[in-house]
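Protein chains in written order, with my numbering: chain A, 1 to 279; chain B, 280 to 625.
No lab work stands behind these hints, which were simulated from the structure alone. Bear in mind the structure is a predicted one, so any value in this text is a computation, not a measurement. For glycine and all other residues, C-beta sits at the position ideal for the given N, C-alpha and C. Worth double-checking, as some hints may not be accurate.
To be verified - Cβ-Cβ distance ranges computed for the label pairs, FRET-style:
| id | chain 1 | residue 1 | chain 2 | residue 2 | range |
| --- | --- | --- | --- | --- | --- |
| 1 | A | Arg278 | B | Ile416 | 27 to 37 Å |
| 2 | A | His228 | B | Gly411 | 37 to 47 Å |
| 3 | B | Gly411 | A | Ser38 | 48 to 58 Å |
| 4 | A | Ala141 | B | Thr410 | 40 to 50 Å |
| 5 | B | Leu419 | A | Gly44 | 34 to 44 Å |
| 6 | B | Leu419 | A | Gly217 | 54 to 64 Å |
| 7 | B | Gly446 | A | Asp139 | 47 to 57 Å |
| 8 | A | Glu97 | B | Asp452 | 50 to 60 Å |
| 9 | B | Leu488 | A | Ser196 | 47 to 57 Å |
What the hints assert, rightly or not - If you only want the chain B side, here are some residues facing chain A, beta carbon under 7 Å, derived:
| id | residue |
| --- | --- |
| 10 | Gly459 |
| 11 | Ser461 |
| 12 | Pro463 |
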Amino acid sequence: MTRSSLDPEQSRPEKSDPEQSRPEAILEVRNIGKSYGSVRALQGVSAAVGPGEVLCVLGDNGAGKSTFIKILSGAHRHSEGTLLAFGVERRFEHPREALDLGIATVYQDLAVVPLMPVWRNFFLGSELSRGRGPLRRLDVAGMRSTTKHELARMGIDLRDVDQPIGTLSGGERQSVAIARAVHFGAKVVILDEPTSALGVKQAGVVLSYIARARDRGLGVVFITHNPHHAYPVGDRFLLLQRGTSVGDFAKSAITIDEMTALMAGGAELEALAHELERP
Amino acid sequence: MTVAVGAEIDERPTRAHPLLTVLRRPEVGALVAAVAIFLFFSLSTQAFLTPAGISTWLYSASLFGIMAVAVALLMIGGEFDLSAGAMTGTTGLIVGVVTTQWGLNIWLALVLALVVALSIGAGNAWVVMKTGLPSFIVTLATFFILQGCNLALTKLITGSVAIQGMGSVPGFDQVKVFFGSSFPFLGMDVKISIVWWIALTALATWVLLRTRPGNWIFAVGGQVTSSRQVGVPVLKVKLGLFMTTAGAGWLVGMLQLFDVSTVQATTGVGQEFIYIICAVVGGCLLTGGYGSAIGAALGALIYGMTLQGIVFAQWDNNWLKAFLGGMLLLAVLVNLLVRRQSGVRA
Ligand SMILES: Nc1ncnc2c1ncn2[C@@H]1O[C@H](COP(=O)(O)OP(=O)(O)OP(=O)(O)O)[C@@H](O)[C@H]1O
Ligand SMILES: [Mg+2]
């Protein structure tokens, strides 16, 4: 990190115009805000994500990242601003509504059942059946092979889709969850801190799946507090700080160092550096 | 760091050894134990392997087995039902009282008892799901309520603690065909409850492994929040499970009533833990999300064989309890080992 970039006023790059709407966007928010009772968790945030695009949402603890994606995924209703999905204004009452529009969310706990086989997890809640009436049964062979095939398409090569998903590494589980969202027709995948609990290598694996989903034409909203994870895959970066937007930058408009400085709140970090210095 | 890094890493877990895949099945431990106990009593007693002996322990196992299979489904779904034992008494008493005391048609009495059982099961589920209280506590309360009502109401209505005169109720013999009959098979006198037991075990296995509701049972027991997030109807699944257990209680209540033509007000009390033990011996995890119907049936078989084997061997009956405790401990330890072996991370 360069010292000079720690001064936010000098180094702050051009902010893009929040009023400018993006016709091709899958998901767009304008001046969105959310209050929990008297707590204003989020206010005046604008951003958009289009097909084949990765929007990274960065911010420190409590910046409002989770609140932001809960609005996008339909888990919470926004209290101000507008939310547009495919250009149509929406107000989600239930995550199912978002899901039906192709907005899939991979939560931090991944929504998997550790003791169940990979293929059962992959299809959980949307199982394939065959036969009729009392003979209606799970299409086990079909689900097994589809799981294998879909995972392979995402570049995940499991030897055995029958192993309990709990035996997979954190990165693999994350990747299976992404592949599942893609398979079930997601147009945009929202990932809540998928790399935060992972080591460098595993995080790399997940990032490569994010890139793959992007290459397949999906929009990706990637929440993280690590600029080093966001920068390589991101196309746009939304920086949040204490519930407000610090800026929405295209990749060309910002360097990783500037981003880091902005996120931490440059002046504060400088003050901290001063404080930590040996007397 | 570059994105391409991921491509070079082979983080595939190694394929499990075929033997381990077999050992991973929840019912394997119970199968081994059942064979051992069968051999032990066959060799050490005269009566165990005779046709009469076999029908005795099979019958005993069947009554526990029907309940154990239902309780296993419920446990896989992440819940307990401590009222399951008392329910076998309640349903028998209802049929006994309304037919012998009030002269109700016996078929209507059967339906009435079933409706009451299913309602109690649904009530258990409703309280558990709406309050979020552990089912252990909720059904413990139901257990005491049923136990108390069984005794108090039976005494109040009949003036005694058992139902007399069932055999002379009109239609008794027709119903007995379904619940209290037996037929000869390979020199054995096979009671109909054994057929019910085998059929229900097969049905439960089919449902668990090959249907959507079965998939959901594992899911709600394994990770209820995840299940909800992917759209599994959690409430319906749990409701179905509690009602199934209550329905099994009704069936066993009928099987006992029509076998011996009488029912005690204390019937079933104290058996609820035996069902749970059978399910655990059969590979069910106490924490839910894992187990098998066949395993629970085998657990009941072990219990039935030991119960009668100890009689045939003319040992002190109290050894049964000690044996039961030992089996339970062993089963829990084996389960722990299997879970570690399969390498599931929390
Ligand atoms: N349900 C809620 N009720 C009240 N306040 C809430 C609620 N959820 C979040 N908040 C508050 O809103 C603010 C933003 O929280 P949020 O969870 O969105 O942050 P975050 O950026 O996801 O943080 P982290 O990196 O720690 O996950 C915090 O101050 C938090 O205390
Ligand atoms: Mg968060």
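field: Assessment of proposed distance window 54 to 64 Å (beta carbons of Leu419 (chain B), Gly217 (chain A))
entry: holds (55 Å)
- prompt: Does the hinted range 47 to 57 Å hold for Leu488 (chain B) and Ser196 (chain A) at CB?
  reply: violated (36 Å)
message: Just to be careful: measuring from the Cβ of Ser461 (chain B) to every Cβ in chain A, is the smallest value less than 7 Å?
response: violated (28 Å)
task: Could you say whether the range 40 to 50 Å given as a hint is met by the Cβ separation of Ala141 (chain A) and Thr410 (chain B)?
output: holds (42 Å)
- request: Could you see if the CB distance from Arg278 (chain A) to Ile416 (chain B) stays within 27 to 37 Å?
  value: With Cβ atoms ~58 Å apart, the hint is violated.
task: Starting from the range 37 to 47 Å, see whether the pair His228 (chain A) and Gly411 (chain B) falls in it by beta-carbon distance.
output: holds (41 Å)
message: Tell me if the interface restraint on Gly459 (chain B) is satisfied: Cβ within less than 7 Å of some Cβ in chain A.
response: violated (28 Å)
message: Assuming the hint says 34 to 44 Å, is it satisfied by the Cβ distance from Leu419 (chain B) to Gly44 (chain A) or not?
response: Violated, at about 53 Å.
- request: Take a look at whether the Cβ-Cβ distance between Gly411 (chain B) and Ser38 (chain A) falls inside 48 to 58 Å.
  value: violated (27 Å)
query: For the hint on Pro463 (chain B), does the least C-beta distance to chain A fall short of 7 Å?
result: violated (31 Å)
message: Is 50 to 60 Å respected by the C-beta to C-beta distance linking Glu97 (chain A) and Asp452 (chain B)?
response: holds (59 Å)
- prompt: Do the beta carbons of Gly446 (chain B) and Asp139 (chain A) sit within 47 to 57 Å of each other?
  reply: Taking Cβ atoms as reference, Gly446 (chain B) and Asp139 (chain A) lie about 51 Å apart, which means the hint holds.
In this structure, the earlier hints numbered 1, 3, 5, 9, 10, 11, 12 are contradicted, and the remaining ones agree with it.
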